[in-house]
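**Q** Based on the hints, put chain R in the right spot on chain X.
There are 2 protein chains.
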Amino acid sequence: MQEEKKNCLSRRDALIGAGKLAAGAAIVTAGVNGLITPASASKPAAFPWGYKKIDPQLAGNIAYENWYKGFCCYAVVTGVLVPLQKSMGEPYASLPLMAFKWGHGGAVGWGTLCGSLTGAGIATGFIAGHEGEKILNDVILYYTETDLPIFKPAAPKAQIKNVNTSDSPLCHISVGKWMKKEGVKFFSGPRKERCARLSADVAVKTVMLLNDWVDGKYKASHGSNVRDHGITTQLNCMECHGDDVPEPII
Amino acid sequence: MQEEKKNCLSRRDALIGAGKLAAGAAIVTAGVNGLITPASASKPAAFPWGYKKIDPQLAGNIAYENWYKGFCCYAVVTGVLVPLQKSMGEPYASLPLMAFKWGHGGAVGWGTLCGSLTGAGIATGFIAGHEGEKILNDVILYYTETDLPIFKPAAPKAQIKNVNTSDSPLCHISVGKWMKKEGVKFFSGPRKERCARLSADVAVKTVMLLNDWVDGKYKASHGSNVRDHGITTQLNCMECHGDDVPEPII
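Top to bottom, those sequences are chains X and R.
Counted from 1, the first sequence has number 67 at position 67 by the numbering used here; the numbering is strictly sequential.
Counted from 1, the second sequence has number 217 at position 217 by the numbering used here; the numbering is strictly sequential.
Hints are supplied without guarantee of correctness; some may be wrong.
Here are the simulated lysine to any residue pairs, SDA-like style, with alpha carbons at most 20 Å apart [what the hints assert, rightly or not]:
hint : chain 1 : residue 1 : chain 2 : residue 2
1    : R       : K43       : X       : M98
2    : X       : K185      : R       : G230
3    : R       : K180      : X       : V245
4    : X       : K177      : R       : N236
The calculated label-pair distances, taken between Cβ atoms and stated as ranges, are [what the hints assert, rightly or not]:
hint : chain 1 : residue 1 : chain 2 : residue 2 : range
5    : R       : S221      : X       : D55       : 41 to 47 Å
6    : R       : T165      : X       : K43       : 41 to 47 Å
7    : X       : P96       : R       : R227      : 24 to 30 Å
8    : R       : M238      : X       : K43       : 49 to 55 Å
9    : R       : V245      : X       : K181      : 15 to 21 Å
Examples of chain X residues lying across from chain R (beta carbon under 10 Å, computed) [stated by the list, open to error]:
hint : residue
10   : F47
11   : I127
12   : F151
13   : V226
14   : R227
Source of the hints: derived by calculation from the structure; they are not laboratory data.
The structure presented is a predicted model; accordingly, all values stated were derived computationally and were not measured.
Quick reminder that beta carbons are idealized off the backbone N, C-alpha and C, glycines included.
This is chain X alone, in the form it adopts within the complex (with noise of 0.2 Å):
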């Protein structure tokens, strides 16, 4: 799929200069070159909307509160869009939020894509285009790859005891083996704690690699599933195939 990706144009550089002149005030929309354009003018922002660098601690304060709200998907969207919500105005300003709630449960309760990468996917597509699927493809592999949650809330809703590495982005795949861990229920107080805590890691790491992104220093770190595999893919083959995994026809 890479080699289709070719006609979209890198706009770093753009969005890079976008984000430095952004100023913090609530409602900004002065144009920096074109880029961010206010919701009054006759012509839509010019897109990719651009980003102005976060706290990670606030973006997962937010998102661990909101969780509680609108669950996952939404956790992480207004994790990193309501401060920039605040810091850049308009488009982002006008962009309704609750729009993205649908993500829970990995797609209203389908248990594939984890909500909280929903929420990055469409956070770094706003922010960056076609440039911000590098970095949602790092938070992925971040996601499959840590014991998580890592995030303290400052004022817990509920207690847990335990951490898990998923091995996987799929909601049904992560969230059961920590259930199974924790000895609860889905619907349990400790199973939400641990979903809005994790909710709160992928909103920091995510803004984490954006402010590198900003400042030029982001380096994209996984490479192409498709291309090592041959197929759209996870990286834990043998979790649902066992022994028997199908040949990559490259």
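**A** Leaving out everything else, chain R in the frame of chain X:
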């Protein structure tokens, strides 16, 4: 998770009104009970953004053609939202639809939620907010249990021989089963054509359900996977677990 949703108000009746009243001009921004407001207004348009009926064939045609420009997620987002950009104007008109390309290949190639379904989630999220989740739930079920693709492009870019039922909303499983049946590689013309046509099918189905919904005729057909299984999940348990499917903890 259902009980957590009760705080979200249903706005279907209000949206049906908005959909029925929205004029068909290219740049319609007149307020309808404040639901659809122009981008030039000082406050954001009320959310959800509402809907105006779309010809399913048109949605399919747009999705098919746009798959070749931005893949599956972009295909379905544009199949549903480009007609609304034209018929309802703002706030749809200013939404940069390329922001959603990242959903391709189950999220930048990780093989999770088929990007066509991510696109359906994004579109129904803007259109119907919380109400849209029922529609997405039904679209996902349709995807998993239907022999796809069905869509026949007027001018096919490649020929394909097979259809398949995925039993799963995961890109990896869905496209993997089809590739095996068709005997083709991921980076092949027929595979691309299959995904383009399948994206058209998802756009068509989404629009058909939304058309019913805006007419007040839509009735959700699929229940809650989480309620039934005690965890977020697909319905093809044995495909990964074999005979060792864990007992649901409800």
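**Q** Work down the list of hints and note, for each, if the structure agrees.
**A** We went through each hint and held it up to the structure:
Straight-line distance between C-alpha atoms of K43 of chain R and M98 of chain X comes to about 16 Å, which keeps the hinted pair within the 20 Å bound. Between the alpha carbons of K185 of chain X and G230 of chain R the distance comes to roughly 7 Å, so the proposed pair stays at or under 20 Å and holds. Proposed proximity of K180 of chain R and V245 of chain X is supported: the alpha carbons are some 14 Å apart, at most 20 Å. Simply put, K177 of chain X and N236 of chain R have alpha-carbon atoms about 18 Å apart, close enough for the 20 Å limit, and the pair holds.
For S221 of chain R and D55 of chain X, the hinted distance range of 41 to 47 Å is satisfied, since their beta carbons lie about 45 Å from each other. Judged by the Cβ atoms, the range 41 to 47 Å given for T165 of chain R and K43 of chain X holds: they are separated by roughly 45 Å. Between P96 of chain X and R227 of chain R, the C-beta spacing of about 27 Å keeps the proposed range 24 to 30 Å intact. Remark: the range hint 49 to 55 Å for M238 of chain R to K43 of chain X is upheld by a beta-carbon distance near 53 Å.
Between V245 of chain R and K181 of chain X the C-beta distance comes to about 19 Å, which sits within the given range of 15 to 21 Å. Taken as an interface hint, F47 of chain X checks out: its beta carbon lies about 4 Å from the nearest beta carbon of chain R, inside 10 Å. At about 9 Å, the closest approach between the beta carbon of I127 of chain X and any beta carbon in chain R falls short of 10 Å, and the interface hint on this residue holds. A cut of 10 Å between beta carbons decides the hint on F151 of chain X: the least distance to chain R is about 20 Å, and the hint is violated.
Annotation: V226 of chain X was flagged as interfacial toward chain R, and the flag holds, the nearest CB pair being 4 Å apart, inside 10 Å. With 10 Å as the threshold, the beta carbon of R227 of chain X comes within range of chain R, its nearest partner Cβ sitting at about 8 Å, so the hint holds.
The structure fails hint 12 only (numbered hints given earlier).
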